[in-house]
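Each chain, letter by letter, is given below.
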Amino acid sequence: MKRIGIDVGGTNTDAVLIADDRVIHSVKSATTADVTSGILAALKALRANPAAAVPVDAVVIGTTHFINAVVQRRHLQRIGAVRIGMPASASLPPFCDWPADLAALVNDEIFMLEGGHDYDGRPFMPLDTDGLKAAARAIKAKGLRAVAIASSFSPLDPSCEITAREIFAEICPDVAVTLSHDLGRIGLLERENAALLNAALHDLAVTTVTAFRKAIAEAGLDAPLFLTQNDGTVMQAETATAFPVMSFASGATNSMRGAAYLSGLDDAMVVDVGGTTSDIGQLRHGFPREANAVVEVGGVRTLFRMPDLLSIGLGGGSHVEQDPVRVGPLSVGYRLTSEALVFGGDRLTATDIAVAAGLIDLGDRARVAHLPRRLIEAALADAHRKLESDIDRMKTEAGDVPLLAVGGGAFLVPERLSGISEIVRVDHGDCANAVGAAIAQVSGEADQVFRDMTRDEAIAAARGIAEARAVQAGADRDALKMVDVEDMPIAYLPGNALRVRVRVAGAIAEPNIGAAA
Amino acid sequence: MTGSAMKTINLDDIEALAVGAWILGTGGGGSPYLGLLNLRRLYAEGHRVQLMSPLDLADDDWVAVVSNMGAPLVGQERLADSRSIARAVRMQEEINCITFHAVMSVEIGGGNGMQALMAAAHLGIPVVDADCMGRAFPEAQMTSVAIGDLKPYPCTLYDPRGIEAVVTKVPSWKWMERASRKICVEMGSIASTSKAPRTGREVKDWGIHFTTTKAIAIGRAVEAANRSHQDPIAAILACEGGLRLFTGKIVDVERRTTEGFLRGSAVVEGSDDDRGTRLKLSFQNEWIVAWRDGEAIAMSPDLICVLDSVNGHGIGTETARYGQRVTVIALPAPAVLTSPRGLAFVGPRAFGYDLDFRSLFATAGAQ
Chain L
24 MKRIGIDVGG TNTDAVLIAD DRVIHSVKSA TTADVTSGIL AALKALRANP
74 AAAVPVDAVV IGTTHFINAV VQRRHLQRIG AVRIGMPASA SLPPFCDWPA
124 DLAALVNDEI FMLEGGHDYD GRPFMPLDTD GLKAAARAIK AKGLRAVAIA
174 SSFSPLDPSC EITAREIFAE ICPDVAVTLS HDLGRIGLLE RENAALLNAA
224 LHDLAVTTVT AFRKAIAEAG LDAPLFLTQN DGTVMQAETA TAFPVMSFAS
274 GATNSMRGAA YLSGLDDAMV VDVGGTTSDI GQLRHGFPRE ANAVVEVGGV
324 RTLFRMPDLL SIGLGGGSHV EQDPVRVGPL SVGYRLTSEA LVFGGDRLTA
374 TDIAVAAGLI DLGDRARVAH LPRRLIEAAL ADAHRKLESD IDRMKTEAGD
424 VPLLAVGGGA FLVPERLSGI SEIVRVDHGD CANAVGAAIA QVSGEADQVF
474 RDMTRDEAIA AARGIAEARA VQAGADRDAL KMVDVEDMPI AYLPGNALRV
524 RVRVAGAIAE PNIGAAA
Chain R
53 MTGSAMKTIN LDDIEALAVG AWILGTGGGG SPYLGLLNLR RLYAEGHRVQ
103 LMSPLDLADD DWVAVVSNMG APLVGQERLA DSRSIARAVR MQEEINCITF
153 HAVMSVEIGG GNGMQALMAA AHLGIPVVDA DCMGRAFPEA QMTSVAIGDL
203 KPYPCTLYDP RGIEAVVTKV PSWKWMERAS RKICVEMGSI ASTSKAPRTG
253 REVKDWGIHF TTTKAIAIGR AVEAANRSHQ DPIAAILACE GGLRLFTGKI
303 VDVERRTTEG FLRGSAVVEG SDDDRGTRLK LSFQNEWIVA WRDGEAIAMS
353 PDLICVLDSV NGHGIGTETA RYGQRVTVIA LPAPAVLTSP RGLAFVGPRA
403 FGYDLDFRSL FATAGAQ
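Here the protein sequences come in this chain order: L and R.
Mind the numbering: the first sequence is residues 24 to 540 in the working numbering, read in order.
Mind the numbering: the second sequence is residues 53 to 419 in the working numbering, read in order.
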């Protein structure tokens, strides 16, 4: 199995080739505004190495592009929001718990209509199909290109949302429709929020995935394209176009999974020092520890399962202030190679301090020779203090544990930290997130109603279906693990009806010898 | 003599109340988050809510007792609307030809800790700093006013589809529970209700006093600990004289919505000092009994609270899910609940467990 993993970050685009369970080569390249040329440059650099210029089975891209768009309020589109379930919930309409600035950017018009279901599967109110038609016509007249639709209890019975999509397809076929039941579970507000964010990212998703495909084609690669999603598994590029929110946490997940793979450690603290931020998390059995609480993305509550990460404003591109001496939280970001002193710029950054201290060799060392020793020491001490206290915050056990230091700015992590047994640095550690993308797992999901079975039988049946789907998608059957299970009784239906959703994931199977190419 | 010490509740109080009420909810009562959103909106529109001491009520003042009744899971899909609870209170005024002087929650725990404030904002009357449980319980007869044998009727129920129902007369609180629950189930296992109106005298004699203030204090302690990176759970235990029972990760949740309740169990696998053991939590809307190796180590009416190990916030029976890292604590029950008559209403046998109540707290908790 040969795979190229690519991580498109805010600062760098990294690429690795993994073959036969080994990292063959890794490269780092600057992210570009158009995305495509940055990926193309990384791929060209990667394949300039003869060992890496081989046909591959898949290209897997992990990106923070979509979550950054929400956090930075950029490239979002105005959408229509359709809530089905009136007259209940009327005082809490769509966007009711969004930060005002984000809602103002995204919320174009809200339609609140009768319909939806009750907990036992009975219709709550007859679906207002005339209202849906009017909403579709209004959205068409306004020229909106995306709509999010959320109906009460749709994870139990999605029929109202599906009917709504059919009506929109008829009246305004060019409008992209996100249905909430595709993205979330019970919890109308959080599920609807995920759908609203997804709709707001639609055009960006189309543009970005198209740019990914173009770069891969221009690099001369003929392999299927996948994107990584929040739980460390891959989705096909078409799925990513329809559901960009599913990639929200993939950058962090990839970096931690990559660190585990490169080090062989399954249980450790991880710090990924990038250009702008450091993300601190914890590996448990080779996977990131998940956040307990409701996860907010750009200030919006969602039900996504995300790695529990503490993100601090410290990275290789961090500004260094001199009075008093302070590193971050502002950063030059992807302009590091033009604005940092060692690259001929006039902004003192953490990278310049590290070059002056002899921690790394980058750019023109002579340009930082004048920095006073006291400044260098004080700046490094400030960075170390920040890392030490925040790593300690994220630890869940009292004893000393190993720390995996990865990412392009890992040189800022000192050799000793209190509460840490050893600092582990690994080859290709600066491309851990691209490695994580390359080794991403394959998943399978089953979501259906079972009758005349016990709960255990129903879950086992759903698991069997999910496993078969994962194997079909290329997973190694023996490596599959259940990563999520949820069941909801449907009291209204006879025969102890139970809706069960099971998700399994596992490593990719080695190709059979002699299998058709 | 009324109104000597009215206090305006500000938004900070309400944010703290949402955190504290969720902890006192012992897993039930639904998340206060949706109530918080309603109140933020009402405050943005200019509404303000006053809090009054129960001791300042005149004996003949009428007090409305409100609750959003039903299965917490349903409240996640049919979101609390402040106008519904206000309508249930107005129905009581219409059928009894009375005017309410103030409103209180039947239970401080969970979303119902916010319902009295939502009603008060629309009705323009104060909230009484008291409730009838000091926590949350699933059934209508599990209250201090039922333990006090006060009149159980009438009860009004409202559904925003325009369904209004009144249970006019019943012979007992248990019958009120049975009759109103049937209506609630037909309404979709959720209904805005206003229980039998209480007089000021009754609230002074049988209300559980100062629980709104208590919930706000718990919320403030948790948020202060979180801000200063202290252990929020230790802050709750210090604030309330509670006990840490178990720390671990949720590994199984079984839940079913039956007869208008959310029932089931959750299993927590131990970590840290509890490694190698499991705690099973049985619930009926609220956490009722905690079992360790088959032995009941904590039970109603002591409060069993399942908290997020990281931020100390409550975790509801409808939101508990696989993988969550939790700390289970117990807090002492109000004294009225641990009296012999109290235990008949809210002890483990009231939930179908053949257990003698054993409190974890030497002196049954203070009110």
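Don't take every hint at face value.
[Claimed, not checked] Calculated pairs, DSS-like style, for lysine-lysine (alpha carbon to alpha carbon, straight line, at most 30 Å):
id	chain 1	residue 1	chain 2	residue 2
1	L	418	L	504
2	R	234	R	221
3	R	256	R	203
4	R	59	R	226
5	R	301	L	504
6	L	237	L	67
7	R	256	R	301
8	L	504	R	59
9	R	221	R	203
10	R	332	L	418
11	L	418	R	301
12	L	67	L	25
[Unchecked claim] Over 10 Å on every C-beta distance to chain R, these chain L residues come out as not near it, computed from the model:
id	residue
13	24
14	51
15	74
16	79
17	80
18	110
19	153
20	175
21	209
22	237
23	289
24	394
25	496
26	512
Keep in mind that the hints were calculated from the coordinates and are not lab data.
Don't be surprised by glycine CBs; every beta carbon is placed ideally from N, CA and C.
Hint by hint, here is what the structure shows:
1. Distance check on the hinted pair: residue 418/L and residue 504/L sit about 26 Å apart at the alpha-carbon level, within 30 Å; holds.
2. For the given pair, residue 234/R sits about 15 Å from residue 221/R by alpha-carbon distance, which is consistent with the 30 Å threshold.
3. Taken as a hint, the residue 256/R and residue 203/R pair is honoured in the structure, with Cα atoms around 15 Å apart against an allowance of 30 Å.
4. With a C-alpha separation of about 36 Å, the suggested pairing of residue 59/R with residue 226/R is violated against the 30 Å cut-off.
5. For the hint pairing residue 301/R with residue 504/L, the CA-to-CA distance comes to about 18 Å; that is within 30 Å, so the pair holds.
6. Between residue 237/L and residue 67/L, the direct Cα distance comes to roughly 14 Å. Compliance with the 30 Å bound is thereby established for this hinted pair.
7. Between residue 256/R and residue 301/R the CA atoms are separated by roughly 42 Å; this puts the pair beyond 30 Å, and the hint is violated.
8. Distance restraint check for residue 504/L and residue 59/R: the Cα-Cα separation of roughly 55 Å exceeds the 30 Å cut-off, and the hinted pair is therefore not satisfied.
9. Pair hint residue 221/R plus residue 203/R holds up; C-alpha atoms about 10 Å apart against a cutoff of 30 Å.
10. For the given pair, residue 332/R sits about 26 Å from residue 418/L by alpha-carbon distance, which is consistent with the 30 Å threshold.
11. Among the hinted pairs, residue 418/L with residue 301/R is consistent with the structure: their alpha-carbon atoms are about 16 Å apart, no more than 30 Å.
12. Taking the CA atoms of residue 67/L and residue 25/L, the gap is near 17 Å; set against the 30 Å cutoff, the hint holds.
13. For residue 24/L, the condition that its CB be more than 10 Å from all CB atoms of chain R holds, with the nearest at approximately 29 Å.
14. Under the 10 Å C-beta cut-off, the non-interface status given to residue 51/L relative to chain R holds; the minimum distance is some 34 Å.
15. For residue 74/L, the requirement that its beta carbon stay farther than 10 Å from each beta carbon of chain R is met, with the minimum near 40 Å.
16. Distance to chain R confirms residue 79/L as a non-interface residue, since its nearest Cβ pair spans about 34 Å, more than 10 Å.
17. Against the 10 Å criterion, residue 80/L stays outside the reach of chain R, whose nearest CB is about 31 Å from its own CB.
18. With a minimum CB-CB distance of about 4 Å to chain R, residue 110/L fails to clear the 10 Å threshold, and the non-interface call is violated.
19. With a closest Cβ-Cβ approach of about 18 Å to chain R, residue 153/L is found to remain outside the 10 Å limit, as its non-interface label requires.
20. The beta carbon of residue 175/L sits about 5 Å from the closest Cβ of chain R, which is not more than 10 Å, so the claim that it is off the interface is violated.
21. Some Cβ of chain R comes within 10 Å of the Cβ of residue 209/L; the nearest lies about 5 Å off, and the non-interface call is violated.
22. Chain R leaves residue 237/L outside its interface by the beta-carbon criterion, the shortest separation being 39 Å against a cut-off of 10 Å.
23. Remark: the non-interface label on residue 289/L is consistent with the geometry, its nearest Cβ contact in chain R lying 16 Å away (cut-off 10 Å).
24. With a least beta-carbon separation of about 33 Å from chain R, residue 394/L lies farther than 10 Å from that chain, consistent with its non-interface assignment.
25. The Cβ of residue 496/L sits about 23 Å from the closest Cβ of chain R, beyond the 10 Å cut-off, so the non-interface label holds.
26. Distance check on residue 512/L: its Cβ comes as close as 5 Å (rounded) to a Cβ of chain R, failing to clear the 10 Å threshold; non-interface status is violated.
Violated hints for the displayed structure, listed by number in ascending order: 4, 7, 8, 18, 20, 21 and 26.
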